[in-house]
Amino acid sequence: MSDTQDDAALVPPRRRDARAWLAARLRNIAPLATLLFLVAFFWIASDSFATFGNLTNILTQISVTAIIAVGLTFVILCAEIDLSVAAIANATGIVVAFFTLQDASVNIANVPLPGWAAIVIALASCYALGWINAFGLTRIGIPSFIMTLAMLQIAAGICALLVRGQIAYSVPPLIGTLGAKSLGPVPWIAIVAALFLLIGHLVLTYTRFGRYVYMVGGNRDAAEYSGVNVRRILSAVMIISAVCSGVAGMLGVAYFGSAQQNEFDTYLLDSIAAVVVGGTSLFGGQGGIGSTIIGLFVLGVLNNGLDHINIDSFLKILIRGLILLIALIINVYAQRVRLAEAGG
Amino acid sequence: MTTLLELAGISKAFGGAVALREVDFALEPGEIHGLVGENGAGKSTLMKIIAGVHSEYVGEMRLDGRIVRFASPRDALAAGIGMVHQELSAVRALSVAENVYMGVQPLNRLGLVDWRAMRHGAREHLDSLGIAVDPRTPMGALPLGLQQLVELSRVLFSGARIIILDEPTSALSPPEVERLFGVLRRLRDAGRSIIFISHFLDDVLAVCDRVTVFRNGRKVAVEACADVDKRWVIGRMIGAGHDELEESYLSDIPLQSPAEAPVVLALEGLGRAGAYRDVSLAVRGGEVLGIYGFLGAGQLELARTLFGALPPDRGRVLAGGRTLRLTSTSRARRAGMAFLPESRGMMLFAKEPVFKNMTISILERIHRLWLRPAAERAIAREHVERLRIRPPDPERPLGTLSGGNQQKVALAKWLTHLPRVLVLSEPTRGMDVGAKDDVVKIVRGLRERGIGIVVASTEPETVLSLADRIVVMKKGEVVREFADEPVSKDRLLAAA
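Note that the protein sequences, when read in sequence, are chains Y and L. Heads up: the first sequence is residues 1 to 344, going by the working numbering. Heads up: the second sequence is residues 1001 to 1496, going by the working numbering.
Because the hints were derived from the structure by calculation, they are not lab data. Worth double-checking, as some hints may not be accurate.
As the list claims (entries may be wrong) - Computed spacing ranges between beta-carbons, pair by pair: (1) L:Pro1143 <-> Y:Leu202: 36 to 42 Å; (2) L:Arg1316 <-> Y:Tyr127: 36 to 42 Å; (3) L:Arg1136 <-> Y:Tyr127: 45 to 51 Å; (4) L:Val1018 <-> Y:Leu322: 49 to 55 Å; (5) Y:Arg231 <-> L:Leu1144: 28 to 34 Å; (6) L:Gly1015 <-> Y:Phe145: 35 to 41 Å; (7) L:Gly1434 <-> Y:Arg231: 37 to 43 Å; (8) Y:Gln153 <-> L:Asn1108: 38 to 44 Å; (9) L:Arg1314 <-> Y:Gly321: 55 to 61 Å; (10) Y:Ile319 <-> L:Ser1011: 41 to 47 Å; (11) Y:Leu282 <-> L:His1417: 34 to 40 Å; (12) Y:Leu282 <-> L:Gly1434: 52 to 58 Å; (13) Y:Tyr127 <-> L:Leu1144: 42 to 48 Å.
What the hints assert, rightly or not - Under 10 Å between C-beta atoms, here's a sample of chain L residues computed to sit facing chain Y: (14) Leu1281; (15) Ser1328; (16) Gly1345; (17) Ala1350; (18) Leu1363; (19) Lys1413.
Just so you know, these numbers come straight off a predicted model, no measurement behind them. All residues carry an ideal CB built from backbone N, CA and C; glycine is no exception.
Okay, chain Y solo, but in the shape it has when bound:
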């Protein structure tokens, strides 16, 4: 190990700087280049793509994913994963609807409460689910991959029990406004998403907690031996992820206009893809909300743009998969370059 470090110190400064500069930027440049390419491609290929109305569409379409992705960014920065985000979103959305008075035609045993109470209960439930994830990961020692896989199933079970195959439509008015109404031309849900992204960025960049998140992801042993409470940081990110998912789930239910089982299933892959495509390292410690924003737009533009060019909707699924694969390859490759550069 010391050999490579010495080598790094021996390379002439200019060459090393150029190499380091490129290596450091690869993770950032590749996603941005992908985004610009996609925008240019759809701009040329379709007349209806580059319009103000469509930009609003894209913003609205990526908003639910964006709120989930904020929490997931924290988790992935710590080199953990949360596979329960979509299921927790679904469950929280259903909980908020369950405690709201539904139309007589809706055949679920709902318990009508005032809107604020429904929201508080829903937030408490996603917090609780996140806390269970955190407990399993940090106290029992179940790897997050397995722990959150179990939570995915548990949350899906909660959804199934509450709605029993039915569909609920009503949500508290506040949720209804934030999820489905607009402030002037800008949809409220996009504003909420932007707020979450902004707060996530501020926390990660300017707070002590944010620094600890990067350090725990960068080298967990070193964080531990620097006296950082690694367990507490990991617990916090699992709970943040669950609460973000919960908020996304409530707004999502309003946005879709209904609360039912499995309606968030595609969001698991989308949110992980957004974080990773943006360039946040799956090995932890590298990336951030800025990367996640790029990733969200790459996915949003791709999904939206493919609709504008009359492509076979089945082919669309395959293309999304291929884009994700390419992003993963770049992600792992960039990690390797940086590792070689940093000498371990």
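Once you have looked at the hints, place chain L on chain Y.
Here is chain L on its own, set in the frame of chain Y:
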């Protein structure tokens, strides 16, 4: 009788570092051959060549008079050479029988594992070695001494005529050592040959027929054990007159503890299963306490315990009259403890800039909630200047600095707000002389400022160069204390 295994003119270098120079070694049939030398003297490199781990080397190895060169440990095993490592490689979840038959399970007519044959075979094999273990017991349920014997029997079972044992007694109690020696003597009388690598010279002299001594990559002596004593072996191991640094530790170094300084940390009957037992020590302010022992003696584990990374099972740690709850590293840090772990990988954020590495442990002192990068950089610039860190750039990713400079950055973590007690584990391992000197100066400077310092190491030079008082640990227990008296390397080695 021809020599069983003969190595002639073996040299081996790793990069620029020469590990072995022109080494000869001979092993006779039916012999237990001891191999001793300090850390880095070259004995493990030689064993790895014999066991097929290193296939690139200069020189010649003959087995039964024929030249051989093994490409892999599998090759070596096929030729009848097996190794039992210090870190046992047995599968703890499998039974003793399965471990003995690892990779060669007998099959019945249906092509399934023949459990009955395996149990019987394993029992017979173990009985023949005089090892009384039920072959159905899970390996993990056995005490370490028995696990080691089972592993030894597995190596024998796969047909080894030459068995290499690496530090076989380091984790064993005296009766377990006796039992191991009984098995080894029986094997020798049956014509097998054993290479016995150990730091425990008493053990080597008790069981071996001959002993070979290594120093600095060279074979310096080979003698019949009956003709030599421990003193002679230590003399050969540490040599004399080779280089100045070495020599300075051969003569007496006066130890002097600061008088009347307050005790800043007291350990009372501290114990942790499998690591150390009944350790009672006091650390005074302005004093460097060295804890020396071989690898596995428990001092490195004890050091981690003091920083909350390895909670003790029994006993307590007192600081300023209060009992410390050492259940997590963050708690230990808040209680005024600081720690430098033995491996750099455990303390570095290689991809993060130097200044973030330096401030990670004091962020809440700078601001409770927010980061103040300007303040962090100012702190970092000061340390870079004072500790002469090269290159003097706090923005550089830490991974691009040399090992010695990385170590200084790690030390700098604890210099802004002085801890009550600083625990250093192998603080100068693998560093060049200049960097070692710098670390020694930093530690002396800290001592002047009145904090208690604990240095745990497996290298006698490290404790001798830093400590005001030295305790020696052996197999988890404190066996000797050197205070207010002269000490030298050979006395330290003799005590361990």
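Hints, verified against the model:
1. The hinted window of 36 to 42 Å between L:Pro1143 and Y:Leu202 is violated, with their beta carbons roughly 55 Å apart.
2. Against the hinted window of 36 to 42 Å, the Cβ-Cβ separation of L:Arg1316 and Y:Tyr127 comes to about 37 Å, which satisfies the hint.
3. Checked against the hint of 45 to 51 Å, the C-beta distance between L:Arg1136 and Y:Tyr127 comes to roughly 49 Å, which is consistent with it.
4. At about 52 Å, the CB distance of L:Val1018 to Y:Leu322 agrees with the hint of 49 to 55 Å.
5. For Y:Arg231 and L:Leu1144, the hinted distance range of 28 to 34 Å is satisfied, since their beta carbons lie about 30 Å from each other.
6. For L:Gly1015 and Y:Phe145, the hinted distance range of 35 to 41 Å is satisfied, since their beta carbons lie about 38 Å from each other.
7. Look at L:Gly1434 against Y:Arg231: about 39 Å separates their beta carbons, and that is inside 37 to 43 Å.
8. Range check, Y:Gln153 to L:Asn1108: about 41 Å between beta-carbon atoms, so the 38 to 44 Å window is met.
9. For the hinted restraint 55 to 61 Å between L:Arg1314 and Y:Gly321, the CB-CB distance of approximately 56 Å keeps it satisfied.
10. A hinted range of 41 to 47 Å for the beta carbons of Y:Ile319 and L:Ser1011 is inconsistent with their spacing of about 59 Å.
11. At about 35 Å, the CB distance of Y:Leu282 to L:His1417 agrees with the hint of 34 to 40 Å.
12. Against the hinted window of 52 to 58 Å, the Cβ-Cβ separation of Y:Leu282 and L:Gly1434 comes to about 40 Å, which falls outside the hint.
13. At about 45 Å, the beta-carbon gap between Y:Tyr127 and L:Leu1144 stays in the expected band of 42 to 48 Å.
14. At about 22 Å, the closest approach between the beta carbon of L:Leu1281 and any beta carbon in chain Y exceeds 10 Å, and the interface hint on this residue is violated.
15. A hinted interface residue such as L:Ser1328 counts as satisfied when its beta carbon comes closer than 10 Å to some beta carbon of chain Y; here the least separation is about 6 Å, so the hint holds.
16. Because the closest C-beta pair between L:Gly1345 and chain Y is about 7 Å apart, less than 10 Å, the hint holds.
17. The beta carbon of L:Ala1350 is positioned within 10 Å of a beta carbon in chain Y (closest approach about 4 Å), and the interface hint is therefore held.
18. For L:Leu1363, the suggested interface contact is upheld, since its CB lies about 5 Å from the closest CB of chain Y, less than 10 Å.
19. Because the closest C-beta pair between L:Lys1413 and chain Y is about 6 Å apart, less than 10 Å, the hint holds.
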